[in-house]
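S.K.: First to last, the sequence lines map onto chains A and B.
Reading the first sequence from the start, the letters are residues 1 to 572 in our numbering.
Reading the second sequence from the start, the letters are residues 1001 to 1109 in our numbering.
Source of the hints: derived by calculation from the structure; they are not laboratory data.
Computed from a predicted model, the values in this text were never measured in an experiment.
Beta carbons are placed, not taken as given, at the ideal position from N, Cα and C, and that holds for glycine.
One should not assume that every hint holds.
[To be verified] Just a few of them, taken from the derived set where beta-carbon distance is under 10 Å, the chain B residues facing chain A:
id, residue
1, Met1001
2, Gln1003
3, Gly1032
4, Val1033
5, Gln1038
6, Ala1040
7, Gly1048
8, Gly1049
9, Ser1051
10, Ala1053
11, Thr1066
12, Asp1067
13, Leu1073
14, Thr1076
15, Val1090
16, Val1107
[What the hints assert, rightly or not] For each label pair, taking beta carbons as the anchor points, the in silico distance ranges come out as:
id, chain 1, residue 1, chain 2, residue 2, range
17, B, Ala1009, A, Arg473, 43 to 53 Å
18, B, Gly1083, A, Leu70, 50 to 60 Å
19, A, Pro257, B, Ala1086, 28 to 38 Å
20, A, Thr422, B, Phe1006, 53 to 63 Å
21, B, Ala1009, A, Pro257, 25 to 35 Å
22, B, Met1001, A, Ala227, 43 to 53 Å
23, B, Leu1012, A, Ala564, 36 to 46 Å
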Amino acid sequence: MAALLGPIGSGIAAAPLAAAGEGADAAAVAGGTQPLGVALPLLLALGTAIAAFLAPTDRLRRAVALVGSLGYLAAVAWLVRAVLSGGPLAYRVSAWRPPLGIVLVADALAVAFLALIAVVAIAALAAALCDPPDAPTYHPLSLFLLAGATGAVLTGDLFNLFVWFEVLLIASYGLVGLPNDAAATRAALRYAVLNLIGGAVMLVAVGGFYATAGTLTMADLARRLAAPAAWGIDTAPVLGLAGLLIAVFALKAGLVPFHFWAPAAYRAAPAPAAALLAGAAKAVGVYAILRLTFTVLGPLRLSTAAGGPLAGGRAVGAIGIALLVLAVASILLGGVAALGADDFAGLLTHSSIGQLGFVVLPIGIAAVAASVTTATVRTAGATGGDIVYLGIAAAVVYTIAHGLAKAALFILDGALGEWAGTTHLDALGGLAHRSPAVAGAFLLAALTLVGVPPLAGFFGKLFVLETALGGPRPLRGSTLAVALGGAVLTIGYVSRAWSAIFWGRDGPAVSSTPPRTAYVALALASTLLVFGVGFGPLGELATAAAEATVDTAEYVGTVDPAPAAPPEVGDA
Amino acid sequence: MTQYAFAVAIGLLFAAGTFLVLRRDVVRVVWGVAIIGQAANLYLVTMGGLSGAAPILDGTARGEYTDPLVQALVLTAIVIGLGTTALALVLTFRLAGTNDTIDTYEVGE
Chain A
1 MAALLGPIGS
11 GIAAAPLAAA
21 GEGADAAAVA
31 GGTQPLGVAL
41 PLLLALGTAI
51 AAFLAPTDRL
61 RRAVALVGSL
71 GYLAAVAWLV
81 RAVLSGGPLA
91 YRVSAWRPPL
101 GIVLVADALA
111 VAFLALIAVV
121 AIAALAAALC
131 DPPDAPTYHP
141 LSLFLLAGAT
151 GAVLTGDLFN
161 LFVWFEVLLI
171 ASYGLVGLPN
181 DAAATRAALR
191 YAVLNLIGGA
201 VMLVAVGGFY
211 ATAGTLTMAD
221 LARRLAAPAA
231 WGIDTAPVLG
241 LAGLLIAVFA
251 LKAGLVPFHF
261 WAPAAYRAAP
271 APAAALLAGA
281 AKAVGVYAIL
291 RLTFTVLGPL
301 RLSTAAGGPL
311 AGGRAVGAIG
321 IALLVLAVAS
331 ILLGGVAALG
341 ADDFAGLLTH
351 SSIGQLGFVV
361 LPIGIAAVAA
371 SVTTATVRTA
381 GATGGDIVYL
391 GIAAAVVYTI
401 AHGLAKAALF
411 ILDGALGEWA
421 GTTHLDALGG
431 LAHRSPAVAG
441 AFLLAALTLV
451 GVPPLAGFFG
461 KLFVLETALG
471 GPRPLRGSTL
481 AVALGGAVLT
491 IGYVSRAWSA
501 IFWGRDGPAV
511 SSTPPRTAYV
521 ALALASTLLV
531 FGVGFGPLGE
541 LATAAAEATV
551 DTAEYVGTVD
561 PAPAAPPEVG
571 DA
Chain B
1001 MTQYAFAVAI
1011 GLLFAAGTFL
1021 VLRRDVVRVV
1031 WGVAIIGQAA
1041 NLYLVTMGGL
1051 SGAAPILDGT
1061 ARGEYTDPLV
1071 QALVLTAIVI
1081 GLGTTALALV
1091 LTFRLAGTND
1101 TIDTYEVGE
């Protein structure tokens, strides 16, 4: 494994210096004209959402959604290219200077998540066009969800993040409640109540950050937290407030113990909406965790004045431990619950909880490694630093592989329901010889969850295990054991689903041609094979994302190349 | 003195909201959520300082002013809270229609 990872590992260690130089150039250029391309995906999603909402006929709504989603994909593709070749870009809304105005920041981490969201959105749209959900509000709501997710990923402001989360969530309540029956209403209401409480908690954290640090622009926050004494910031409340934010983000990502809304909501939502929620909306929670933990809080050292076990240490260490607890609980509980699920949707939702645990596990290890590295995180050659990069890259690769696979599986779940009339595991059987397309789509997506080469999920799993293996010594054994145990659980529920649905006694009689949505799932699942065989671009994207995540200085410089100095008298 | 009054008010609102969220009646749960949201808004206002001055420089004197940023934030948060509370009430109404009950125990899974 180490040999295979060698080139990637060395690339991770060597590249930040080059990237920093490019970033400075990009910032200088941005001083003249604003890069509108950063705001374009957001404007496209929001504009077409409103247009689709106002469109009078169903045909027009579908056309608007198609144009909007394809335009969105093109805009994101342009942004990915621009950021990977020219460094991060910032768009200052209304040309206000950063600490005062809202900034949209596109760095490698943001575009990696945008790329995932764009692909999932196109697949969900294709599924919705093949098998239209019988509600006129589906397309406007899914585009609003897209706008919310895009805004949350691009924004450089903590309060703005709250606003975009609310946009995303309001659209998802609508999508979950779309079927208008008893189960969907229950699920939507539970989802809404839990997330409204989450929203209030996030508001409290945002207010607390403003009171303690005097700013809500994430770049400015990161800069001030790097030198808390100069800005008169008390570090102890910052850690507590960050904990509140992590809890809220974990709620969005559906991690144990904040997962209670997820199973019912995904089961109730129409298949394309469930694909969007599982593939795109959850990823936004992961993005927020990465951004907060490393970019904003990475430089923060807790002051020694308060005493206690954390005094003098890095804040990321404490957050890393909390994330590890969430991750371990999610992997084990999600995996066991998926093993015991009795229908395909239930298996998928619980599997999502477990798989998100696999995403957060390397983030937690990376955070702890960042705190125990004596030198700064970026010092080349320090093994702790390498693990930080590797852990974040693992989380990015795993999120993308899992997002694509789970979106394909949810679309397939909808197709199965239409084809066979049920998705109950006991009722189904013998579908393998009925349609190789359906069986192929399931295999590609499910084996990605397991992590079988040459699928993209293999690299996700490999990096997660490699991170666990190279993590700080006290964590090494336990995290590795949990990751391996979780992998075994994954194999268990995937093979259970395969044998229940595709092998064995024939279930209900099915027509010879599966619904067209099954081919959408197959197309989406095939991308996993493409990204797995040609892993280069995805690996580069993840490596660049990992560098961008920990490189607070570059992020700060992108947002504001000439920030104000701390005040002489420390009254922040 | 003002800060104590605010602290007590915020504490009571959070307590009342939490109490209501834990009820069986879904309408009360939604009210509880709304109250928790308002408590968070009130808390947000106090984060800008409680000097009592207007949140604007009136141009006549270079005197005191309260930080206007939190007030702008709270306005946004109030609007979002209005929308989400209305949505939650609509969902409650639909729950009564589709499940024939608004008791969380009877609604079940």
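S.K.: If you test the structure against every hint from before, which numbers come out violated?
M.R.: Going through the list in order, the structure violates hints 1, 2, 9, 10, 11, 18 and 22 and respects the others.
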